[in-house]
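There are 2 protein chains.
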Amino acid sequence: MTEAAKSNKAPRTAITPTREENFPEWYQNVIKAAEMAENAPVRGCMVIRPYGYAVWENIQKHLDAMIKAEGVDNAYFPLLIPLSFIAKEAKHIDGFAKECAVVTHHRLEANDAGDLVPAGELTEPMIIRPTSETIIGDVYSRWVQSYRDLPLKINQWANVMRWEMRPRIFLRTSEFLWQEGHNVFETHDQAEADARRMIDVYREFYEDYMAVPGYIGAKTPDERFPGAIETYTIEAFMQDGKALQGCTSHNLGQTFSNSADIKFLDRDGTLKHAWTTSWGLSSRTVGALIMVHADDDGMVMPPKLAPHQVAILPIVRDDADTDKILAFCDELQKQLAAKGVTARTDKTEARSSDKMWTAIKKGVPVRVEVGAREIAEGKLTFTRRDLGKDGKKTATVGEFLSSIGGVLDQMQKDMLDRAREKMKAMVTDVASLKEMRDFFAGEKIGGVRIDYKLIQDSEEFEAIKKDFSVTPRCLPFDDEGQKVIVAKAY
Amino acid sequence: MTEAAKSNKAPRTAITPTREENFPEWYQNVIKAAEMAENAPVRGCMVIRPYGYAVWENIQKHLDAMIKAEGVDNAYFPLLIPLSFIAKEAKHIDGFAKECAVVTHHRLEANDAGDLVPAGELTEPMIIRPTSETIIGDVYSRWVQSYRDLPLKINQWANVMRWEMRPRIFLRTSEFLWQEGHNVFETHDQAEADARRMIDVYREFYEDYMAVPGYIGAKTPDERFPGAIETYTIEAFMQDGKALQGCTSHNLGQTFSNSADIKFLDRDGTLKHAWTTSWGLSSRTVGALIMVHADDDGMVMPPKLAPHQVAILPIVRDDADTDKILAFCDELQKQLAAKGVTARTDKTEARSSDKMWTAIKKGVPVRVEVGAREIAEGKLTFTRRDLGKDGKKTATVGEFLSSIGGVLDQMQKDMLDRAREKMKAMVTDVASLKEMRDFFAGEKIGGVRIDYKLIQDSEEFEAIKKDFSVTPRCLPFDDEGQKVIVAKAY
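Which chain is which? The protein sequence lines are A and B, in order.
For the record, in the first sequence the residue sitting at position 325 is 325 according to the numbering used here, with numbers rising by one throughout.
Add 1000 to a position in the second sequence, counting from 1, and you land on the number used in the numbering used here.
I should point out that these hints are in silico values taken from the structure, not numbers from a laboratory.
Fair warning: there could be bad hints in the mix.
As the list claims (entries may be wrong) - With a Cα cut of at most 25 Å, we get these calculated DMTMM-like pairs of lysine to aspartate or glutamate:
id: 1; chain 1: B; residue 1: Lys1088; chain 2: A; residue 2: Glu121
id: 2; chain 1: B; residue 1: Lys1465; chain 2: B; residue 2: Glu1230
id: 3; chain 1: B; residue 1: Lys1068; chain 2: A; residue 2: Glu35
id: 4; chain 1: A; residue 1: Lys263; chain 2: B; residue 2: Glu1121
id: 5; chain 1: B; residue 1: Lys1422; chain 2: B; residue 2: Glu1020
id: 6; chain 1: B; residue 1: Lys1347; chain 2: A; residue 2: Glu38
id: 7; chain 1: A; residue 1: Lys424; chain 2: A; residue 2: Asp200
id: 8; chain 1: B; residue 1: Lys1347; chain 2: A; residue 2: Asp149
id: 9; chain 1: B; residue 1: Lys1324; chain 2: B; residue 2: Glu1349
id: 10; chain 1: A; residue 1: Lys68; chain 2: B; residue 2: Glu1057
id: 11; chain 1: B; residue 1: Lys1098; chain 2: A; residue 2: Glu124
id: 12; chain 1: A; residue 1: Lys68; chain 2: B; residue 2: Asp1268
id: 13; chain 1: A; residue 1: Lys347; chain 2: B; residue 2: Glu1443
id: 14; chain 1: A; residue 1: Lys263; chain 2: B; residue 2: Glu1020
id: 15; chain 1: B; residue 1: Lys1068; chain 2: A; residue 2: Glu38
id: 16; chain 1: A; residue 1: Lys88; chain 2: B; residue 2: Asp1354
id: 17; chain 1: B; residue 1: Lys1263; chain 2: A; residue 2: Glu70
id: 18; chain 1: B; residue 1: Lys1242; chain 2: B; residue 2: Glu1164
id: 19; chain 1: B; residue 1: Lys1422; chain 2: B; residue 2: Glu1480
id: 20; chain 1: A; residue 1: Lys88; chain 2: B; residue 2: Glu1121
id: 21; chain 1: B; residue 1: Lys1334; chain 2: A; residue 2: Glu70
id: 22; chain 1: A; residue 1: Lys488; chain 2: A; residue 2: Glu99
id: 23; chain 1: B; residue 1: Lys1334; chain 2: A; residue 2: Asp64
id: 24; chain 1: A; residue 1: Lys304; chain 2: B; residue 2: Asp1112
id: 25; chain 1: A; residue 1: Lys361; chain 2: B; residue 2: Asp1073
id: 26; chain 1: A; residue 1: Lys153; chain 2: B; residue 2: Asp1354
id: 27; chain 1: B; residue 1: Lys1339; chain 2: A; residue 2: Asp189
id: 28; chain 1: B; residue 1: Lys1153; chain 2: A; residue 2: Glu57
id: 29; chain 1: A; residue 1: Lys61; chain 2: B; residue 2: Asp1208
id: 30; chain 1: B; residue 1: Lys1347; chain 2: A; residue 2: Glu20
id: 31; chain 1: A; residue 1: Lys88; chain 2: B; residue 2: Glu1035
id: 32; chain 1: B; residue 1: Lys1347; chain 2: A; residue 2: Asp323
id: 33; chain 1: A; residue 1: Lys389; chain 2: A; residue 2: Glu374
id: 34; chain 1: A; residue 1: Lys98; chain 2: B; residue 2: Glu1121
id: 35; chain 1: A; residue 1: Lys347; chain 2: B; residue 2: Asp1268
id: 36; chain 1: B; residue 1: Lys1153; chain 2: A; residue 2: Glu124
id: 37; chain 1: B; residue 1: Lys1088; chain 2: A; residue 2: Glu38
id: 38; chain 1: B; residue 1: Lys1304; chain 2: A; residue 2: Glu121
id: 39; chain 1: A; residue 1: Lys339; chain 2: B; residue 2: Asp1354
id: 40; chain 1: B; residue 1: Lys1347; chain 2: A; residue 2: Glu99
Fair warning: this is a prediction, and the values are worked out from it, not measured in the lab.
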């Protein structure tokens, strides 16, 4: 606990502990206070509550449109993958497919004691997809026959499972939601361009919708997706200084087309193995959104992904005014809808201050109070969530309606700018491994940037990795692959 | 094979066999020719191809908006259900949870021979959800505390699994996609009203978007969802005379709130068990769409659910015209998009007649041909898929653009009208069980409608059920529960 928090003068915060006091616990409590998700009665899994799921729906809506604009179609492939498919790929799936849900029976039967037990053993066990390269590759081997069938660009929105030993809501759960794109090309260069293009689509999505910037670049060879010849990533930094891999885009070379036998008759009349890419973004993105933007009063939603952008708070001081106030709120909500702004009126019987704190904890971008006085004066008081009391303004209803679009746009922009400032401060340049060790042994949060050559084949770097639980996050494009960022990561 | 088909004068059809020759095989071939789906390399599962998945996306988009308009929020619950949850409900799940995918291990390990085998046996097996009443009920038992928490209305879009012994694409697959709504209320009457309201929402969706009408009513007690006190259904009739249950809406009474212990403190200060409903519509809906609308030339898409509503077919007779024609097509596609009409230009190198047949087999509502002559004359020829050659019209580009919206609306309406005529002809009124037996022994396709009293506790009816594989489909609302429709069903 900080001195400030221990003192009586400590400002009241809606979330305890604060970020500084205990970041992991603060994170859980922000999610709980905003009613975004909770642990499921199934080990390692989560229930995504309506307010959290609405964020995921907005992520899906916008990202899906961006993916389709790249000429990619959606499709759906089976949840279960035969063990033999995995075995074929075993060398590529080290590290995640070992821990997976294995289906071994296809029936429940009552035994002699009357208890339900598994029955109908499968001749071949199946696993719940941890990712779909193997099964999609098998299907593609039949779809792809000629260069005329290429490029083949398909995306799937799906649930996947990786048995997690240390689950954390949104960040690492046994089941999670994601999209996985699987593209096929004639040449290495087309696949490479595609993998880079898709990481740039993700960058645009992260910056423009999530208001989350990141270090964008290539993974070092040991951190690549197994089987990939290049893995590109967006590494965002959370407020506690840890990095979070926001998504990945892989150039899979001919690895998967070799093992699944995806061949095409080329323009020159010869049969060739195709070149494939895969790229994905998952529901852990919601965890990044929280850890980048939330504060000690709870969530702060970027307007473009907010389940609703305006919270209308009826302030009823005299019951006789209730109907009039609610009617006014309904009308205001309608007028906002006509402007493309989503709003929700808090019609609960809660006290006014509780309504306000609910909206704050949920991170609704703008809240507006409507009481008898406001209606009489024709003026509204509205507050931007990210600016606190400084964001409070008074305006006529007309002014409010004509300015709200701009207010939301400005908030979206400000959130990105602030996040970008924080991100830059999270990475410290170091000139040697000695400086790197000193940095991680010190108080400062975040990661370091260092010449890539200095960590290659270095025993001291391996020691630092072990001593401080840090890993190479990426070789940023901005440094043309000459430097590497090293940090702790989620 | 019919006489007509055997004769040399038989008209050429794009799909063989025809509906009359072999309906089940025709169905598979329509799906194949339209590239909508195919059998997966996993037994009983399907791959939904981009063109089929785009239909499902349109179903989701429109139905989701209708569900949200009822005040229902989306959320997401876990894929896996602990065996103990199922055991608690065992009496309700007869008939579908017996055949399910059982997860017994959470790891794959190499054995001494180097083969991957299941390891890490779970202390409690889990099943992949066949439906989510049990797990959602468990979560609701914590969410629902007071009457203030009610009504609680939540929907989930998800994949589910029921191990199918005789799988058929879209209609009956081990894994399928659906939405399942789970609502909670204070009283029996509210739950009953909700179950009826949701079947009416489905009716509206079926009629307005799918252009598929149905007989709407209650299931007889033996056909209800296990545990439900009422199950409402839409029974559509396919072109072969079999019924297909299009969706269901259940009043679950207090069955699931009793077993999951969903209790609330009522307004009178006493603790009561809540009343719940559940309602779902699945990807088998796409199968109904095909079996109601497709003809011997392939699929016919209702314009509101068509992946694209207009197929633009460039007719290139002289290579020198290619660029000009394609530019014209692009411009036309843009102008259609500006009118809210989705179009796709066939830019493949296929022959003109092949392009036409591709559009026909995919059931694109309107196809328009663009060649050098059309451009020179400023006139287009367009054809409605459902009218065949009679639907061919010529118009200037301006006329085409201003009339296309109306053409699509009219086609949507005509498809519903035609389907309604067919549906009516599918049900024959009978006055006795003798007449019923004669009907099913005869040549006429479809089902019968009979006084409900006549089949209750009737040994002869049980014999008819067995002899002709028919079942009571529903007690239509229109007959106020006095009559029952009996038919074969998918």
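Structure-inconsistent hints, enumerated in ascending order: As far as the earlier hints go, 4, 6, 12, 13, 14, 16, 17, 24, 27, 30, 31, 32, 36, 38, 39, 40 are violated by this structure, in ascending order.
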